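Student: Each chain is listed here by its residues.
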Amino acid sequence: MMKNRRGDAVMVTSTLLLSLMLSAGATMLLDYGEIKGKEEDMLHVADVESSMLKARSAMMMLQQNGDMDMVVSTRITMGTYGNPYLAMGRSSGTLNYDPGYSGFGMGIYYQTGGSRTFLNGIRGQLTFESNNYYYRDQNLIFQSGSVIREEETTSMIAWDPSFEVYRGENSWSLKGGLYGLSGSRWEITGIDSVSISISLEGISRVERTVESGDSIVLVYDAEYTDAWESWWSSFARVQGLDPVNDISITRPSGPTGPLEVELITLSSFIVNIAEMELII
Amino acid sequence: MVSLIMIAGIVISLLGMIFATYLPAWGKDNEAQTLESTMGSFMDLKAGMDTLAVGGDEGTSLTTAIALGSEGGPMFGFGRMTGSIQVDPAKGMMRLGDGSGIVMAQSRGILEYSSRNINVEDQTITLEGGALIREQSGASVLKGNPNFLVRRYRNTGETKMFVHMPTLEGSGQSFAGTSTYLVSTTLVSVETTEYEMGIGTETVFRITSEHHDIWSTHIWSQVIAGGLVESDGVSDNDFLTATGVDANGDDYFEITFYDLDSVSIKSSVYQININ
Numbered sequence: 012m013m014k015n016r017r018g019d020a021v022m023v024t025s026t027l028l029l030s031l032m033l034s035a036g037a038t039m040l041l042d043y044g045e046i047k048g049k050e051e052d053m054l055h056v057a058d059v060e061s062s063m064l065k066a067r068s069a070m071m072m073l074q075q076n077g078d079m080d081m082v083v084s085t086r087i088t089m090g091t092y093g094n095p096y097l098a099m100g101r102s103s104g105t106l107n108y109d110p111g112y113s114g115f116g117m118g119i120y121y122q123t124g125g126s127r128t129f130l131n132g133i134r135g136q137l138t139f140e141s142n143n144y145y146y147r148d149q150n151l152i153f154q155s156g157s158v159i160r161e162e163e164t165t166s167m168i169a170w171d172p173s174f175e176v177y178r179g180e181n182s183w184s185l186k187g188g189l190y191g192l193s194g195s196r197w198e199i200t201g202i203d204s205v206s207i208s209i210s211l212e213g214i215s216r217v218e219r220t221v222e223s224g225d226s227i228v229l230v231y232d233a234e235y236t237d238a239w240e241s242w243w244s245s246f247a248r249v250q251g252l253d254p255v256n257d258i259s260i261t262r263p264s265g266p267t268g269p270l271e272v273e274l275i276t277l278s279s280f281i282v283n284i285a286e287m288e289l290i291i
Numbered sequence: 044m045v046s047l048i049m050i051a052g053i054v055i056s057l058l059g060m061i062f063a064t065y066l067p068a069w070g071k072d073n074e075a076q077t078l079e080s081t082m083g084s085f086m087d088l089k090a091g092m093d094t095l096a097v098g099g100d101e102g103t104s105l106t107t108a109i110a111l112g113s114e115g116g117p118m119f120g121f122g123r124m125t126g127s128i129q130v131d132p133a134k135g136m137m138r139l140g141d142g143s144g145i146v147m148a149q150s151r152g153i154l155e156y157s158s159r160n161i162n163v164e165d166q167t168i169t170l171e172g173g174a175l176i177r178e179q180s181g182a183s184v185l186k187g188n189p190n191f192l193v194r195r196y197r198n199t200g201e202t203k204m205f206v207h208m209p210t211l212e213g214s215g216q217s218f219a220g221t222s223t224y225l226v227s228t229t230l231v232s233v234e235t236t237e238y239e240m241g242i243g244t245e246t247v248f249r250i251t252s253e254h255h256d257i258w259s260t261h262i263w264s265q266v267i268a269g270g271l272v273e274s275d276g277v278s279d280n281d282f283l284t285a286t287g288v289d290a291n292g293d294d295y296f297e298i299t300f301y302d303l304d305s306v307s308i309k310s311s312v313y314q315i316n317i318n
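If you read the sequences in order, they're chains E and H. First residue of the first sequence: 12, per this note's numbering; consecutive thereafter. First residue of the second sequence: 44, per this note's numbering; consecutive thereafter.
There may be inaccurate statements among the hints.
[As the list claims (entries may be wrong)] Simulated restraints on C-beta separations:
{"hint": "1", "chain 1": "H", "residue 1": "G144", "chain 2": "E", "residue 2": "G100", "range": "55 to 61 Å"}
{"hint": "2", "chain 1": "E", "residue 1": "T165", "chain 2": "H", "residue 2": "L185", "range": "56 to 62 Å"}
{"hint": "3", "chain 1": "H", "residue 1": "V272", "chain 2": "E", "residue 2": "K186", "range": "25 to 31 Å"}
{"hint": "4", "chain 1": "E", "residue 1": "R262", "chain 2": "H", "residue 2": "E101", "range": "46 to 52 Å"}
{"hint": "5", "chain 1": "H", "residue 1": "I161", "chain 2": "E", "residue 2": "P263", "range": "57 to 63 Å"}
{"hint": "6", "chain 1": "H", "residue 1": "T286", "chain 2": "E", "residue 2": "I46", "range": "38 to 44 Å"}
{"hint": "7", "chain 1": "E", "residue 1": "K49", "chain 2": "H", "residue 2": "R159", "range": "31 to 37 Å"}
These aren't lab readings, by the way, just hints derived from the structure by calculation. Note that the coordinates shown come from a computational prediction; the quantities given were computed from them, not determined experimentally. Backbone N, C-alpha and C fix where the C-beta goes; we use that ideal spot for every residue, glycine too.
This is chain E alone, in the form it adopts within the complex (with noise of 0.2 Å):
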């Protein structure tokens, strides 16, 4: 009787703790898949952003070379690789190319009095949407040459576009490089890498003196002006431009008003213009 008893204790206590061992490792495996989740859908969105200033530097290539004929390739991973051990979910993505006005247009205007006249413009845009099983989140869109980085209703300038300053003793020059879209819009939506074909289809450049009382205006027409607006007044205080003299900008009057940067007291604008297609 004594050595059943005692037998049946060891029994039942085995039991308890290997109930408690699965129950304490089945907890763990879930909420470490979760971090770990998190950590994969972070690490792709660098990913995407990271493919996206490739794309940029082809384009720059392209541009700098003039080449018209040479396509040159690039790779936006949609989602995430998921991890089997974890049972993670694998997040995936929408790549969307807009290259109507319909995304982003922006135009550069000479101003003089009170009457402005066109000298050039560019539109369209390259968004990701990610669809993200455990973090919130990310889209980036490539607008001009700049990555514009937007999570749940915020927005900014992850990478700048390539505009310089050059200071002289009573003025300064703009310098810089705008990269606009052409072609037929397409969108794609899934998991896996895919291989996005870059060509150069027209250069133009904007060369142009400003006269003293005149300036150069650019209009944003842009579904992120937020971003654009806090980016120039960020750029005007870096290049020590006086906010009021030098530069003005000019907010949105509505929802989907433009955005307006005047350039003032600019002596010179010097843009180099690509119009780039690209083709999954």
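Here the structure of chain E is known, so what remains is to put chain H in place on it, guided by the hints.
Tutor: What follows is chain H alone, placed relative to chain E:
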């Protein structure tokens, strides 16, 4: 005693389920993930090589990390896979010449990766002539297009061809294993040559490749998109295609253009070192 046997039975059932179901599934996922990562690396390599050719800065290098395989999962090593990578400077010959046999340009060399999987079908990834090709179960798909362009300009009526012909040079040594290798690609030389083709001059482009079917499909679609009309073998229109086996027993695809106005060839040479 009975409880002990019952518990042992449950544990053995659990282990059996893991071994029979989960381990192969994990192995498959692990192998598929590694293959996807390797393809991503090859895509990055091709993008880098294209950019180097555009930049034209001879002596510039780029380094790409390519994982040949995977150590597999913990404890049981499920999903462990190996792969091999090799530069073969003799394969993937491309030749561009006129109908009389004069060669205007030629290139050769491929970078090839082959996987040795347990759970997933083996894959081969080949970078040849600027094209990135994935082959699995005897079927090939183009994952990165070569630079081959033929355009008929509506305003002038001129027909122009552009082709990038990259030569890949390497030691010919093969590397195998599960590790990640660094592939260093240096642009040795690049030059662009333009030829004005006379009236009635044929232009012949030939690629000798195991993947000639993929080349055939891609080039045909590019040429048709450029506005050219295929010859029906009776009347000479704009181009005619042919496939066959050469004197060495290698498959080839050939396209003959009848009246191109000009041909622009970007010839580049890359030195590939695998560390």
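Student: Compare the structure with the hints numbered earlier in the document and write down the numbers of the violated ones, lowest to highest.
Tutor: As far as the earlier hints go, 2, 3 and 6 are violated by this structure, in ascending order.
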